[in-house]
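Here is how the chains run, residue by residue.
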Amino acid sequence: MEAAESILRINNIEVKYHEVILVLKGVSIEVPRGGIVALLGANGAGKSTTLKAVSGLLKTEDGEVTDGAIEYEGRSIHHEKAANIAKMGIVQVIEGRRVFEHLTVEENLKVGAHLRKTRSVKDSLELVYHYFPRLREKRNEVAGFVSGGEQQMTVVGRALMTEPKLVLLDEPSMGLAPKLIRDIFNIIMQLNKEQKISILLVEQNVKLALSVAPYAYVMETGRIVMDDTSEKLSQNEDIKDFYLGLTDKGGRKSFRDVKHYKRRKRWLT
Amino acid sequence: MELFLMTLITGILVGGIYALVALGWVLIYKCSGVLNLAMGELTLIGAYVTLTFYEMGIPFILAVVCTLLVGVALGFLTERIFLDKLIGEPILSVIMVTVGLSFFFKGMVEFFWGTDTRVFDPPVFAITPINIGYIKISPVYLWSFVLAIVLLIILVAFFKYTRWGLSMQATADDETAALSLGVSARFVYAAAWAIAFMSAGVGGALLGNINGVNISIGYLGLLVLPAVVLGGLNSVPGAIVGGIIIGILQNLSGTYLDQFFPGGVKQIMPFAFMAVFLLFKPYGLWGWERIERV
Ligand SMILES: Nc1ncnc2c1ncn2[C@@H]1O[C@H](COP(=O)(O)OP(=O)(O)OP(=O)(O)O)[C@@H](O)[C@H]1O
Ligand SMILES: [Mg+2]
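As you go down the protein sequences, you meet chains A and B in turn.
Heads up: the first sequence at position 49 corresponds to 49 in our numbering, and the numbers run straight through without jumps.
Heads up: the second sequence at position 164 corresponds to 164 in our numbering, and the numbers run straight through without jumps.
To be clear, the hints were calculated from the coordinates, so they are not data collected in a lab.
This one's a predicted model, so the numbers in the text were calculated from it and none came from an experiment.
The C-beta atom is built at its ideal place from N, Cα and C for all residues, glycine as well.
Check the hints yourself; a few may be wrong.
Claimed, not checked - One side of the interface only, derived from the structure: several residues of chain B facing chain A at Cβ under 7 Å:
(1) D121
(2) R163
(3) G165
(4) D174
(5) T176
(6) L179
(7) S180
(8) N214
Go ahead and model the full structure; you've got the sequences and the hints to work with.
Printed below as a string of structure tokens:
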């Protein structure tokens, strides 16, 4: 990846919660402009923490970037407030489909446009309904009561309303039916192509993530343990073994136990 | 029968003003989870500010508009000076601070305006009742009600249709998700205080116009608490209906029960009703039980 082309560069960051709990221990990730990059890893690896460090939401949980740097379009942002980061065009879609449950679907979308200066809110709504026709049908229903898939569409659509340049997507497939997941991922790929939105995608569904993102990072207990093109990663024995369940080695062992792979220690370079 | 109707209607009319104060209360609770126990004093300050403008020769309606503006300014200031630093502290501490604020505000009012009862002079609306069909109603009640309702409609429209209103509701629902879209919770809290100060202040002005202005307006403001709880603490329609119910209860008990329990039955009745009501509906009329889908 050419340095000049990257929209986001996370450079060896360390993150602590409550000043003592060290959760990220040197994480480096680059997202090329207009690209999709996947961030994979087991529960508790620190994927969401990484996204929150970028979006600034970390601060609401008393977390802090204590070392390293985060650069967005060449600008250092890890000391910025979350609201300012959102203004710069970064939006995080928080895991768990966090709709505003007492507002209608359309009101949810309108909140996404609240910083709006340029395009009219109406045009943006049309754009969202173009990608998510289902939301048009549900526009006047209370978001707390629509289906899980429709809620996921609502939060992605709501993020789209901010006219983002970079979307941080946290586990959009969680708890959804396979067919619906495909649909949503197709739309995400379309958004990436047609609206030129760069995406950093966190997923536990590795197969799916590797099929949409050309490049991926693997994370474990606060460190990046591997990164490569998706093609290479999906050929990798350990990934197959541990994440894709394609080999017959059975039982999910920790990635750490897999000895024969020389893991790339990014935090040392 | 006529007495009953008259009491009922007066109750509804006064209830409209309570609804206004209740709305301010709901707003702060909804956005920040804080039960603002200084609400009575916000009402009180509003009454005195309006009175002061009125005594300077400004027409009543304009004085109310000026009070709106002063309320917004004071609300912002209060939030920024006293409460902003407490974001992230336990809610109970913040509620205790609002108790402190209530003493502070009361002290300021006594310092600036003294403790004597003062009236709007010349009277804004005629006191002498006019006949509407069978019943007699003072125009002062009627007009106060109309003003309160107009302001309520404006506020509800603000929440429902403007981007700031929607953002405030969004923050009430999920602060972090709202922040991820660039809605700053700190700004929302400040706006909530500004609007609460404004609606309570106008409520106080209207009450003061009916009863005269003294410290007891603060207690009337506090009397709205049952209305808020009745409505469900975080429901805007709940605040409005709750306010009107309290107005009716208060007037009915004043008319019919006072002879049996002379003294403060008018003041106690709303609280008694609230206690009994909550036994049966612990979330109030429209309070949020978390939406759970099955
Ligand atoms: N607010 C917090 N305070 C303290 N520790 C936290 C906090 N949030 C997360 N952690 C810890 O940080 C580690 C990483 O959490 P994170 O949520 O980033 O993991 P994740 O990779 O997103 O996991 P999952 O796949 O389950 O969402 C976990 O051990 C978690 O316990
Ligand atoms: Mg996570």
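Status of each hint after checking the structure:
Using the Cβ-Cβ criterion of 7 Å, the hint placing D121(B) at the interface with chain A is not satisfied: the shortest such distance is roughly 46 Å. Contact between R163(B) and chain A, as hinted, is supported at the beta carbon level, the nearest pair being about 5 Å apart and thus within 7 Å. Look at G165(B): its Cβ only gets to about 10 Å from chain A, farther than 7 Å, so that hint breaks. At about 5 Å, the closest approach between the beta carbon of D174(B) and any beta carbon in chain A falls short of 7 Å, and the interface hint on this residue holds.
Annotation: T176(B) was flagged as interfacial toward chain A, and the flag holds, the nearest CB pair being 6 Å apart, inside 7 Å. A hinted interface residue such as L179(B) counts as satisfied when its beta carbon comes closer than 7 Å to some beta carbon of chain A; here the least separation is about 5 Å, so the hint holds. Against a cut-off of 7 Å between C-beta atoms, the interface hint on S180(B) holds, since the closest Cβ of chain A lies about 5 Å away. Interface hint status for N214(B): violated, as the beta-carbon distance to the closest one in chain A is roughly 40 Å, over 7 Å.
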